[in-house]
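Residues are numbered in my numbering as their position in the sequence shown, beginning at 1, plus a constant of 181.
Just so you know, the hints here were simulated from the structure itself, not pulled from any lab data.
One should not assume that every hint holds.
[To be verified] Cβ-Cβ distance ranges computed for the label pairs, FRET-style:
no. : residue 1 : residue 2 : range
1   : Ala356    : Pro208    : 29 to 39 Å
2   : Asp238    : Gln259    : 30 to 40 Å
3   : Pro348    : Gln302    : 21 to 31 Å
4   : Ile202    : Gln259    : 29 to 39 Å
5   : Gly225    : Cys205    : 13 to 23 Å
6   : Ala316    : Pro241    : 36 to 46 Å
7   : Asn372    : Gly307    : 13 to 23 Å
8   : Gly239    : Asn372    : 34 to 44 Å
9   : Thr209    : Asp238    : 16 to 26 Å
C-beta atoms are modelled at their ideal positions from N, C-alpha and C, and glycine is treated no differently.
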Amino acid sequence: MIYQPEIKPANIQANIEVKHIATCRLPTEWGEFQMHGFEEVATGQDHVALTMGDIDDGEPVLTRVHSECLTGDALFSQRCDCGPQLQAAMQAIQAKGRGCIVYLRQEGRGIGLINKIRAYQLQDQGMDTVEANVALGLPVDARNFVLARNILHYLHVTDIVLMTNNPQKVATLEATGIEVVAREPLIVGLNKENEQYLQTKHDKLGHML
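Using the sequences provided together with the hints, build the complete structure.
Right under this line is the structure:
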């Protein structure tokens, strides 16, 4: 069975209330950010946002909504392009001197780290990323971007220039009430290990690569 999503809003039915916990400085290779910690009221799951410059002046904000990828972001895996995308987003914000990264703790498009490892095992046997999730009886994409909307609203951000290759993410954020005034592609991190993965995202998930 071929999974071919329509480019339409997804996973916006359930509102997820978040509360701000604390804010601190975060000096990085790409300049100094402010790191804002948030907690889901119902579950205690934590999420963060990184901001640089004045983002609550009403002007569109260069923004990356990034889903956690331990393997790519922290362990430098070449199976995906997540780590390079995060770094490229931070570099772009540094160059502009103003922007926001919403970092959602939704590992593996929302299926969790252990299920992601199980899916990787099936991919090692020849399945692609979509086929592996389906074989495990898991959603192809279980993320809820209402989280991003609520975090952005706390930061007084309503209009964004979204750094993404995923048109469904654009449609979903717009459906939550975020105005996506433009899309900036993040085509980085291609290597021989993730070539098939990126092709699958293009062919089956509609990513613009």
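request  = Against the earlier hints, flag every one the structure doesn't satisfy and list their numbers going up.
outcome  = none
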